[in-house]
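J.: Sequence:
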Amino acid sequence: MEVTVPECLPERLETISYANEFAFLYDDEMEKLDLKQLPSGGRGSVLDTFGAGSSEHPVDQTVRPEKRLQAQIFAEMLAIDPPRAKTSIMAWKKFVQLASKTRMKPFETVREYIPARVIDAGELIWFGTLTFGMGLTIPENEYHLCMELARPGYAALGLTNDLYSWEKERQDAERQGQDYVFNIIWVIMKEQSVGEIEAKAICAELVRGYIDQYRGIVEETRKNTSLSKDTRTYIEAVLLSIIGNLVWSVYCPRYREGSYQ
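1 is the number of the first residue of the sequence shown in the UniProt record's numbering; add one for each residue after it.
Some clues are possibly wrong.
Claimed, not checked - Each computed DSBU-like pair below joins lysine-lysine, with the alpha-carbon atoms no more than 30 Å apart:
| no. | residue 1 | residue 2 |
| --- | --- | --- |
| 1 | K190 | K168 |
| 2 | K105 | K67 |
| 3 | K229 | K94 |
| 4 | K168 | K101 |
| 5 | K105 | K93 |
For the record, the hints were derived by calculation from the structure and aren't laboratory data.
Start from the sequences, fold in the hints, and give me the full structure.
T.: Below is the structure:
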């Protein structure tokens with residue numbers, strides 16, 4: 001987290017690191033979903049921990065451990081900075097509602113996949129992480145513009161993750177008997193009728209394109225003094241997160257060969 005949020009306030013680093021690790025529970029469970037055979041009664045007990053209204057019910061020793069961990073994280077955030085913690089919690093809620101819908105069916109085209117991947121990559125949850133961790137307040141009248149400006153950055157971040165997580169996710173899908181993977185490499189291979197190596201090269205080119213586009217946005221935003229300082233800081237922070245995410249993706253044991261056998 002020191003790499004992905006280098007300007008995090010020191011006293012908040014531990015809390016956002018803990019929250020980020022907790023978020024991987026959701027990511028792991030989403031990767032196990034069979035999009036073509038979703039359970040009729042819901043997404044599963046662990047995923048229900050993250051669902052709509054999941055933070056609105058009393059927590060005691062009878063609830064799942066994941067629910068207790070979530071409540072503990074939210075309580076710590078609220079104790080540190082109530083206004084920004086509430087913004088983060090609301091972003092978290094909206095994220096899980098939207099992200100679960102992105103995997104309702106496999107995507108057939110890159111054009112369809114990328115907006116869904118931006119959501120699934122954690123655009124909203126990372127908004128909450130950055131604003132809370134750095135003590136930023138995005139004015140209400142700038143929120144939608146802020147999210148729009150940052151979107152190519154999140155596309156670069158999500159597709160970078162796809163590139164480095166491909167082998168793990170492909171093997172996970174094979175073990176579960178699935179004939180698709182929620183990953184742009186799979187989408188490119190199917191849409192363009194190319195092999196894995198070529199699909200990876202296309203993905204890498206897309207990442208470079210989004211990074212170049214976003215660097216331009218950062219430069220323009222930095223000079224736009226009509227925007228609040230916190231909005232301009234947030235837009236630049238996303239660029240630093242892209243760099244940190246690349247380092248994490250390359251070295252994280254989660255995606256290194258042998259760790260997912």
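J.: With reference to the structure, classify each hint as holding or not holding.
T.: Going down the list of hints, with the structure as the test:
With a C-alpha separation of about 19 Å, the suggested pairing of K190 with K168 holds against the 30 Å cut-off. For the hint linking K105 to K67, the alpha-carbon distance of about 27 Å falls within 30 Å, and the restraint holds. Only pairs whose Cα atoms come within 30 Å are accepted, and K229 paired with K94 is accepted, the gap being roughly 25 Å. The straight-line distance between the Cα atoms of K168 and K101 is roughly 22 Å, inside the 30 Å bound, and the hint therefore holds.
A hinted pair counts as satisfied when its Cα atoms are at most 30 Å apart, and K105 with K93 qualifies at roughly 21 Å.
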